[in-house]
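Enquirer: Assemble the complex: chain A is given as a structure, and chain B must be docked to it using the hints.
Just so you know, the sequences run in chain order A and B.
Numbering-wise (our numbering), the first sequence opens with residue 1 and increments by one.
Numbering-wise (our numbering), the second sequence opens with residue 661 and increments by one.
By construction, these hints were calculated from the structure, which means they are not laboratory data.
Okay, the calculated beta carbon distance ranges per label pair:
{"no.": "1", "chain 1": "B", "residue 1": "1028", "chain 2": "A", "residue 2": "313", "range": "42 to 52 Å"}
{"no.": "2", "chain 1": "B", "residue 1": "1089", "chain 2": "A", "residue 2": "313", "range": "34 to 44 Å"}
{"no.": "3", "chain 1": "A", "residue 1": "416", "chain 2": "B", "residue 2": "741", "range": "31 to 41 Å"}
{"no.": "4", "chain 1": "B", "residue 1": "1113", "chain 2": "A", "residue 2": "418", "range": "21 to 31 Å"}
{"no.": "5", "chain 1": "B", "residue 1": "1089", "chain 2": "A", "residue 2": "577", "range": "47 to 57 Å"}
{"no.": "6", "chain 1": "B", "residue 1": "1255", "chain 2": "A", "residue 2": "402", "range": "51 to 61 Å"}
{"no.": "7", "chain 1": "A", "residue 1": "509", "chain 2": "B", "residue 2": "1113", "range": "49 to 59 Å"}
{"no.": "8", "chain 1": "A", "residue 1": "520", "chain 2": "B", "residue 2": "751", "range": "27 to 37 Å"}
{"no.": "9", "chain 1": "B", "residue 1": "1255", "chain 2": "A", "residue 2": "327", "range": "43 to 53 Å"}
{"no.": "10", "chain 1": "A", "residue 1": "442", "chain 2": "B", "residue 2": "1231", "range": "28 to 38 Å"}
{"no.": "11", "chain 1": "A", "residue 1": "64", "chain 2": "B", "residue 2": "1008", "range": "28 to 38 Å"}
{"no.": "12", "chain 1": "A", "residue 1": "418", "chain 2": "B", "residue 2": "1053", "range": "48 to 58 Å"}
In silico lysine-lysine, DSS-like type, Cα no more than 27 Å apart, as pairs:
{"no.": "13", "chain 1": "A", "residue 1": "149", "chain 2": "A", "residue 2": "93"}
{"no.": "14", "chain 1": "A", "residue 1": "93", "chain 2": "B", "residue 2": "1033"}
{"no.": "15", "chain 1": "B", "residue 1": "963", "chain 2": "B", "residue 2": "1117"}
{"no.": "16", "chain 1": "A", "residue 1": "96", "chain 2": "B", "residue 2": "1025"}
{"no.": "17", "chain 1": "A", "residue 1": "96", "chain 2": "A", "residue 2": "135"}
{"no.": "18", "chain 1": "A", "residue 1": "198", "chain 2": "B", "residue 2": "1212"}
{"no.": "19", "chain 1": "B", "residue 1": "1078", "chain 2": "B", "residue 2": "1117"}
{"no.": "20", "chain 1": "B", "residue 1": "755", "chain 2": "A", "residue 2": "442"}
{"no.": "21", "chain 1": "A", "residue 1": "93", "chain 2": "B", "residue 2": "1028"}
{"no.": "22", "chain 1": "B", "residue 1": "1212", "chain 2": "A", "residue 2": "93"}
{"no.": "23", "chain 1": "A", "residue 1": "97", "chain 2": "B", "residue 2": "1025"}
{"no.": "24", "chain 1": "B", "residue 1": "1025", "chain 2": "B", "residue 2": "980"}
{"no.": "25", "chain 1": "B", "residue 1": "1028", "chain 2": "B", "residue 2": "980"}
{"no.": "26", "chain 1": "A", "residue 1": "97", "chain 2": "A", "residue 2": "66"}
{"no.": "27", "chain 1": "B", "residue 1": "1237", "chain 2": "A", "residue 2": "139"}
{"no.": "28", "chain 1": "A", "residue 1": "479", "chain 2": "B", "residue 2": "755"}
{"no.": "29", "chain 1": "B", "residue 1": "1237", "chain 2": "A", "residue 2": "442"}
{"no.": "30", "chain 1": "A", "residue 1": "644", "chain 2": "A", "residue 2": "629"}
{"no.": "31", "chain 1": "B", "residue 1": "1025", "chain 2": "A", "residue 2": "93"}
{"no.": "32", "chain 1": "A", "residue 1": "149", "chain 2": "A", "residue 2": "96"}
{"no.": "33", "chain 1": "A", "residue 1": "135", "chain 2": "A", "residue 2": "149"}
{"no.": "34", "chain 1": "B", "residue 1": "988", "chain 2": "B", "residue 2": "1025"}
{"no.": "35", "chain 1": "A", "residue 1": "201", "chain 2": "B", "residue 2": "755"}
{"no.": "36", "chain 1": "A", "residue 1": "66", "chain 2": "A", "residue 2": "135"}
{"no.": "37", "chain 1": "A", "residue 1": "198", "chain 2": "B", "residue 2": "755"}
{"no.": "38", "chain 1": "A", "residue 1": "96", "chain 2": "B", "residue 2": "1234"}
{"no.": "39", "chain 1": "A", "residue 1": "442", "chain 2": "A", "residue 2": "479"}
{"no.": "40", "chain 1": "B", "residue 1": "963", "chain 2": "B", "residue 2": "1078"}
From the three backbone atoms N, C-alpha and C, an ideal C-beta is built for every residue, glycine too.
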Amino acid sequence: MVTSLLRFRIFCATLLASALLAAAPPAHAQDDPALDQQGEAIVDPFDPFDFLGTEEIVSSADDDTKSADELLRDGVLLLQLDRPLDARTKLLKALKKDPDNYRTYNLLAAYYLIHVGHYRLALKYIKKAEELFEKSYGKAPYVGRELRKEHGDMLYYLSQVRLNLDNYEGALEALDRFSSLGYSADWYSGSRAWILMKLGKIPEAIRVARLGVLGGEDGARTLNMLGILLSMNDQPQEALEVFRQAIAYEMSLGSEGQPGTPLNNSGEVYKEIFDDEKAESSFLRATSFKDGCEHILPSLNLSLLYVEQLKFEDAAATMDAFDRCMAQFPLKNNEEHAALENLARGRVDLHTGRVDRAIRRFESALEGTQWFGKIGTNQNDMIAASLISLSQALTAKNNILLTTVPLSWSEWLSAKEEMGANRIRAWWLMRRARQMLVGELKEIEDLTVRNTDSLLEYPTLGDALSGLSGSALDARLGKQLGIDRRPAAQNFYKAYAAQAKLGWFGSSEANRALEQVIRTSRPRFDDLLKTHAMLLRMRSLGPSSDQYRDLAYRVFYTAPAELRNRGFKLPIAVNEAGLPSSIPSLLAEGPFYPVANGSSLCAVSAAAPNGGAPNEIRLSFSCPGNPTKSRIVGDIEAGAVVNKLSDALFREEVRNGSDS
Amino acid sequence: MRRPSSVLFCAVVAFRCVGAVVALAFINALLPLGTAQLALGLFAVAGIVTASLAANSRLTTLGFCLALGAVAAAPSCSLLFLNWLLSFGGFASLKIEGLAMHLATGGAVGALGALLTWFFWRARRAVTIEALVLLAITIALFSGHRDFHLDRPKPINSLAWRLGIDQLSMLFAVGGAIIAATLAYLCLASIAVRPRADEAAVRSAPARRQLLLSALAVAFVAILVFGIEKLLWGHFNVIRLARISNGVGMSSESGVSPLTFQSALGSSSQPAALVRLEGDYNNNPFSPMMYLRETALSAFNGKEMVFAGRAFDTDLPVIKPRETFTGKEDAELSRRVPLVQSVYLLAEHENAFALDYPVSIVQLKNPKPTRFKGAYRAYSIGPAYDLSEISQDPVGDPRWTPEVRAHFLEQHPDPRYKEFAERSTQGIAGPVQKAQALAQALSQQSIYTLTPRHEVKDGEDPVAPYLFGDMRGYCVHFAHAMVYLLRSLGIPARVGTGYLTDLSQAKDGHILLRMSDRHAWSEVYVSGVGWVPFDVQPEQVESHAETQVDAKMLEELMGILQPGEELLPQELVKDEKGVEEESTLWVPDRNSVVAVFAAIIALFVLTKAALRHGWRLAPTPSGKLRWAYVSVSSALCDLGVTRNEGETRLEFASRVRLVYLEPLARLYVSDAYSRSSALDAQIVSDVVATVGSPLGRLPAWKRCLAAVNPASVAKLIGGGGW
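Chain A on its own, in the form it takes in the complex (with noise of 0.2 Å):
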């Protein structure tokens, strides 16, 4: 779940720019404003319309002549004209010049951890604001209104570095200082339970942000607040309640207003209590205003849940739209979402075959760095997901490699070689995969399926869990079951069971748990937990079976990938007339399985010349009443115009962000 990001930097923007302004010397410190004795134009500042005081400001011509206080206030302005790195500079001119006063640190500290997010350097500012603070009227308490709110100031903005740096004990710390001062603000009893959250003291936080609301305290933030607690606290009605409450006050302030915040919230908790078709339109509208937008959360959630309901165009589209959104941004980097959104894309790649560039995404979220301390999540959760996902790609990349014809005898050995490697590899991030839900995240306390802080594919979380001892991994699931009472979500957990079952003893009791899956997973919702579950299934029944031809049939009209990921054959029915004679034993080499009485299933055969080569093969597949299916490929070599076969069936087109 999030917090408002912009929500803040606003807020703690104005609380900045009115405390420093409210101890800055004035802009206007003629004797006069109103007459100027050159006749030059003037500058009006209660005027909106006249902008000619900016460029005097902006311009760094005089610089070397202004006092340090003058350019404190220089900064302070161009910030407030959204100029930050103007201001940035105007600010590290006026340090030079008067290293000793801590407002000008206070403010750096504010740029820092509002314009540039770079929370450690954040903290060295305030720390040393804090110091001069103290050098200059001694140790707190403080007598006067404007002392007791620039150190209220300092503590918030401390408290904040401190919990963007997930140090969540030392951000508490700071607002028991606050509190125990005798300051007072509307942000704390949402700050401070957002703290407490992060610190697993749930009902404190509760009570906390109770009171919050009932003291009229920052309105949407502390409901926000209030309505996540509850749906961790397993109150999912109440807390949507809450949201639907903090979602009309934000639209009640118009543009200012940021619903985009309670709507992902309200999503989260549709999506945990399965009401699928809420949680998607509330991710919509979420991602449809502002602060929806440049956030990842919410195209996060929506493109995950597309991946579920397999309908990956759109998963991918969602992530474009987020990209173009954040490229509004350019002050900003992507280090903030760079591995939520690496993870995103590669599933929607997994699925869809292109195999090699998940690879790269999962890598690439592996060796992502990210700062949790304004999301739920932590970033155990984010590696267990990119571990599990890595190992599935690298078992569908050997998969692919054993169903490529290879053309020649390097391109065998290499293929093997890379096999092999895979194969550890894939071994090894499972392991580890399971050693941090088993360790790190407590028994695998992310098991309840959609739980919102976690990032784990839960249709195809099975891949993990099976390698478990199926003693701990029953006891486990049984205490699950014991404390999940959702419907929708027992599925996914006889799934998970049967996964851990199939090829041991119970199998046949597996299969049957199966089959009972795929019949009673909800349509569309569901259907990458079916798909899953119909090649579980298939695993125990041979390629010439009437079950697998339709099981396989099924997948491959939905999910075709999943069919060559998983490593199984495609039966299909070859004619071969017009054909060379290796092509039946090639396309069995490659993800086919070809059958002799195949009328019903799709069929390959030769297709007629398009004037290219002379001697170019050319293969025809089509699928009698679906024509979407139906791929003409064509090379000179045999190998290959059966690999061009292949990818062109089990290799979706979804375009997936930007490669170059």
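Expert: Just chain B now, with coordinates in the frame of chain A:
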């Protein structure tokens, strides 16, 4: 095998344990094992010690392997069994499963350490195989550094980064350290598992032959190291040259092209420079991209575009990064804004670069010479036009002389360029619109690849195989093709080179330029606006360059540019959590590394000196005699002549046939075994005087070799036995 002395045994075991712990630290840093490093270290040490003790017993290899398998697997298997038993009572737990996983990892690490140690003691060839395998693994780990992939392996990179050492030098230093450690290991191993004296081959080998064999071995290693070093250096040098030839740090010599059409070899993520924007740049027409020009190629030499000199390209500063430049602002140019940039070079550059139309470049104080190669500030007049606004504008500068105009319109003789251009711009009126249409057409048709592999002979047009062939190429091909096409339509154009960077990856206006950001693009002169880039951005991409900027590196560099310790001391945040990223590897500072190396070298020199000349300081005749014998023996040891197992000192002396050794050995033995008779100081003095400097009579090259040979020091560590 013979039983080694206890000192030697302990030395070998300690060496192996330390090696295993260091190797585990590296492995854990590169590939997190998930189990606490301390625990894994203990498992490894336990395995090594146990195997060392077992290897000196009567246990057979089969018995050891069986026992090892059972011991290594027992703890985790027992836990899993326990979990299974508990499941009947409904008490099975994932916690036990997790513990079993940790024990399995530990068991595997311990078993591996034990197995290698067992074969170390039991099979002589295992030492060589182990050393070779370790070297191969090391090379594989470090191979990530090829093509300047600084992100892999990270421990080496972060060490270099923290110490402020060039990454390439660090790589070679670590390589050297590993070779030294391997040699020390082999040296120790050769003493520890030395064959018995009764082995015929060894016993019969005369000293001279042994020396020859040692010399040959050293020569072989030297040739091998030299060859590898040469290969590596050559590899990096090629990349360096390619980097230069790809347009960065190019030579600004008239009539020369810095670009290559073969392959974009230097497309790595190696950091090249840090650019800090000192002000907001909100009117950037190419946002979020930004072009930083270094130079431009406007002359056509019949084959490709080359640098023409400032006679034509008057807007270019063409200065070294350490020079200053003051240009004249072109008053005719409009729709441009002033922009100040500070550039901090992380790699050497031949020329300064900046956002186009730099008016002045001044030198900045280098904030950290160990990190940056140089720093300057550029004042530019950057583009602020709207591309749609200038689409109807005329091209060319009315102030140009006919000669200059002809220069920028010099065409390629191949008529196909004109045909292609006319075909692609059919029905389009204005020159700027034509340029846009051409860029769009090439973007749609081209395939971006770093290795186009066109076969182009000397003197042939390197662009034709791209444009009239497979449409595969990279920026150099695209830029040249655009210029030829534009000029064929009467539009003045040139190739701009420098960097193309993505501002969306910048932070606080700080842009980390990498070698992969190097770029070449085409430019058209639009009246009243100046040179405007018309870049081809292919929609189809075959090769992938690194796209993610190293955010940690960027933050660290930003930190250097912030007010220093005097204003923001590190002390401020010393008690704060989350400020310093937890390092999985202990990284010593530069001074400690130098101090440790200096201490090792000093200790080595002192030990050698003590071995050679210690006899001079001995106060008693007996001590003098003993030390004189050690001096001669250690010198012989360094020359490859040592006493065999079971060989007496007198036998050794007679075998070696050195005239001064025999009387010395006899006296030494008689002194050692007949303590009743006191030594005659005069006799000792006479004998020792004949020894003098034991190496004095040898050729200089042998003396040099013996002086650096650590064999005698290793033997001393291993318990002496001269």
